[in-house]
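Colleague: Same order as they appear, the protein sequences are chains A and B. Heads up: take any position in the first sequence, counting from 1, add 800, and you land on the working numbering. Heads up: take any position in the second sequence, counting from 1, add 4, and you land on the working numbering.
Everything labelled a hint here was simulated from the structure, so no lab data went into it. Heads up, some of the hints might be wrong.
[Stated by the list, open to error] Some chain B residues close to chain A (C-beta under 8 angstroms, calculated; not the full set):
| id | residue |
| --- | --- |
| 1 | G42 |
| 2 | D55 |
| 3 | L56 |
| 4 | F84 |
| 5 | I93 |
| 6 | F95 |
| 7 | M103 |
| 8 | R109 |
| 9 | Y240 |
[What the hints assert, rightly or not] What the simulated footprint calls covered on chain A by chain B, stretch by stretch (three residues with Cβ under 8 angstroms from a Cβ of chain B suffice, anywhere in the stretch; the number is not a length):
| id | stretch |
| --- | --- |
| 10 | 1014–1026 |
| 11 | 1075–1082 |
[As the list claims (entries may be wrong)] A few chain B positions that, by computed beta-carbon distances, are all more than 10 angstroms from chain A:
| id | residue |
| --- | --- |
| 12 | S26 |
| 13 | A53 |
| 14 | R57 |
| 15 | V75 |
| 16 | A90 |
| 17 | P107 |
| 18 | D112 |
| 19 | S113 |
| 20 | E118 |
| 21 | G125 |
| 22 | G146 |
| 23 | A172 |
| 24 | D227 |
| 25 | L256 |
| 26 | S258 |
Beta carbons: idealized from backbone N, C-alpha and C, even for Gly.
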Amino acid sequence: MTPEPSPARLAVWFGVGIVLLGVTMLGALTLGAFSISAGDVFGWIVGSGSDTSDSATYRVLTSIRLPRVLAAAAFGAALGSVGVVLQGTYRTPLADAHILGYSSAAGVGAALGFAVTPVAAFPVVPVVLAAAAGAGFGIAAAALRARAGSERLVLAGVAFGFAMLAWTGLFVLIVDSPRVPTFVFFVFGSLSGTTWKTLVVATLVLAPSVFALWRYGPGLDLLVLGDREARSLGFDTRRMIPAVVAIVGIVVGASVVLGGVVGFIGLLIPFLLRPIIGPSHRLLIPAAAIGGAIAVVVADTLARTVAAPSEIPLGLITAAVGGPFLGWLLLKRAPT
Amino acid sequence: MRVSAADVRYVTNGVKLICDVSLDLAPGELVAIVGPNGAGKSTLLRLLAGDLRPSHGAIAYDTVDVSTLRVRELATSRAFLEQRQAEDIMFTVGEVVEMGRYPYRNDDSIGPDEDRRAVIGALEALDLVAIKQRSVASLSGGERQRTAIARTLAQEAPLVLLDEPTTALDIGHQEMAFGIMRSLGTRGRTVVAALHDLNMATAFDQVVLLHRGGVAACGTAEDVLNARRLTEVYQYPIEVVQHPLRPGLLVLPSTDRSAHP
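Looking at chain A on its own, in the form it has when it is part of the complex (with noise of 0.2 angstroms):
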């Protein structure tokens, strides 16, 4: 139980963890099949390798790397900062959204939106009918969150998250199209397919409401106290619970279209910092967002060069790593 730390030192460990996004970030451009120089890519950051800008080396730098290593990014800062929220508003650290089933039913949404429209071509569809999937599940989970209760929620979470990755899988069997991804993209995520314009339109959704959900922060602070402790201090519980999960489900839904399903991001970042960071969700959500933007460009670059030139699912790499991690922290540690 670490006291929220002093303003100097939280200072330091956003400094650190910027810095540190942005070493991982520069390391994940010069590692894959095609292997970039770090002073190729510093070269091309100072704008001294310009003249060479349709050689083969810019070409996969600019066209392919960059745009999968900011996916990461942002995928990883949706999850993180996705993963306080829900462990706020459900009052549990097991809460995720791929836990709760949020990802499984924007799934269902994103697989409707890619067999619809190529998603390379026009990747609004997806990201809009995953994003309504993901926060129609998210009102709908808190319709039932007064009655329920944590634990029953997130246990019917699994269970809806398991029912729709099945139809998902049957919707993808059936449909057959090259439009939709493999079912495996569904259960474990993956950038391979990460093109600028589906970075692009997913960012324009994610950023705006991962900002709306931490101008919620200070509310969901009090949902420590309570629900009806936050009310009586002014919160408007039974409105802004519905708002912020529904925020969540756009997040996921357009995490997901960028990603695909990937678990374990949004349960083991939080359980990290909260120690480091402390519990107020004002400056948890961006540590969890910087966290999260770190241990997805590792886990994307380790699935694009461990196997190179194959590629392993990115939540195959979460899952190895953070399953096992995430279990061994929450034996050593008492629940927060």
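Position chain B relative to chain A; hints supplied.
Modeller: Just chain B now, kept in the frame of chain A:
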């Protein structure tokens, strides 16, 4: 702020929890709500707080019907201490007391200095300054209770509703809590507290004795707390005598068990 309840009834799942209660509480008045377990004390407090809506009748703050107030307006009109407090709170004592200022977040007329003054005042009043950096989860039950009372004070609402505020407190801090309630009263705040401690209730301006959801008696402690009535309501022999050391009453369980109704 004058608080009034007119013919308030509250029914849930077909059970009448509050039956036709009418009250009129003046500004600055200290009101104790007493009664046995299940008499409806917490329900009546929640109705007065606007947390529950009466099935019949109305609650008003001055002339404003409470059911018409928005959540934020309610939070600046009344502070409400619930009976049970969450235990697993990682926030520090200081941060939890600061949460009492949430209703004023977007109020331009209230600056950060005023918030700071309210928080420091509440921490000092409840003897919490020395532990303000400790996480609430690491506190004892009494310290947690004092933190919750401090948060309620920091809210600086004209009506303060307290559900069993002194239950977890030692005798010294019980007296401190009563002193705070009295000082709130002298500053014009209306204080309504649900109490199990009938001796503490004797020091309140008005005592409301609840029995099976209705008002069995209402008035000064001398009017309400008589042995026969208490014995009947609590279904246990109770004696009421003059306090031997100070003015006022002393309520005791009777030594004469044959008086059990």
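Colleague: Now tell me, hint by hint, if it's right for this structure.
Modeller: Outcome of the hint check:
At a threshold of 8 angstroms, the smallest CB-CB gap from B/G42 to chain A is about 19 angstroms, leaving the interface hint violated. A cut of 8 angstroms between beta carbons decides the hint on B/D55: the least distance to chain A is about 7 angstroms, and the hint holds. Restraint check, B/L56 versus chain A: the minimum CB separation of about 10 angstroms is more than 8 angstroms; hint violated. Among the interface hints, the one on B/F84 holds; its C-beta lies about 5 angstroms from the nearest C-beta in chain A, closer than the 8 angstroms criterion.
Using the Cβ-Cβ criterion of 8 angstroms, the hint placing B/I93 at the interface with chain A is satisfied: the shortest such distance is roughly 5 angstroms. Taken as an interface hint, B/F95 checks out: its beta carbon lies about 6 angstroms from the nearest beta carbon of chain A, inside 8 angstroms. About 6 angstroms separates the beta-carbon of B/M103 from the nearest beta-carbon of chain A, less than 8 angstroms, and the hint is met. For B/R109, the interface hint holds, the least distance from its beta-carbon to any beta-carbon of chain A being 7 angstroms, beneath 8 angstroms.
Given the 8 angstroms rule on beta carbons, the hint for B/Y240 is violated: about 31 angstroms separates it from the nearest Cβ of chain A. Requiring three or more residues with a Cβ within less than 8 angstroms of a Cβ of chain B, the coverage given for the stretch 1014–1026 of chain A holds, as 7 such residues are present. For the stretch 1075–1082 of chain A, the proposed coverage by chain B is satisfied: 3 residues have a C-beta within less than 8 angstroms of a C-beta in that chain, meeting the threshold of three. With a closest Cβ-Cβ approach of about 24 angstroms to chain A, B/S26 is found to remain outside the 10 angstroms limit, as its non-interface label requires.
With a least beta-carbon separation of about 7 angstroms from chain A, B/A53 fails to lie farther than 10 angstroms from that chain, contradicting its non-interface assignment. A cut-off of 10 angstroms between C-beta atoms confirms that B/R57 is not in contact with chain A; the least separation is 13 angstroms. Listed as outside the interface, B/V75 is inconsistent with that label: its C-beta sits roughly 4 angstroms from the nearest C-beta of chain A, within the 10 angstroms cut-off. A beta-carbon of chain A comes within 10 angstroms of the beta-carbon of B/A90; the shortest separation is about 5 angstroms.
Distance check on B/P107: its Cβ comes as close as 4 angstroms (rounded) to a Cβ of chain A, failing to clear the 10 angstroms threshold; non-interface status is violated. Every beta carbon of chain A lies more than 10 angstroms from that of B/D112, the smallest distance being close to 16 angstroms; the non-interface claim holds. With 10 angstroms as the threshold on Cβ separation, the claim that B/S113 sits away from chain A holds: the shortest Cβ distance comes to roughly 16 angstroms. Every C-beta of chain A lies more than 10 angstroms from that of B/E118, the closest at about 16 angstroms, which supports listing it as non-interface.
For B/G125, the non-interface assignment is confirmed: its Cβ lies about 18 angstroms from the closest Cβ of chain A, beyond the 10 angstroms cut-off. With a least beta-carbon separation of about 18 angstroms from chain A, B/G146 lies farther than 10 angstroms from that chain, consistent with its non-interface assignment. The claim that B/A172 is not at the interface with chain A holds, since no C-beta of that chain comes within 10 angstroms of its own (minimum 16 angstroms). No Cβ of chain A approaches the Cβ of B/D227 within 10 angstroms, the least distance being about 32 angstroms, so the stated non-interface status holds.
Against the 10 angstroms criterion, B/L256 stays outside the reach of chain A, whose nearest CB is about 35 angstroms from its own CB. Against the 10 angstroms criterion, B/S258 stays outside the reach of chain A, whose nearest CB is about 38 angstroms from its own CB.
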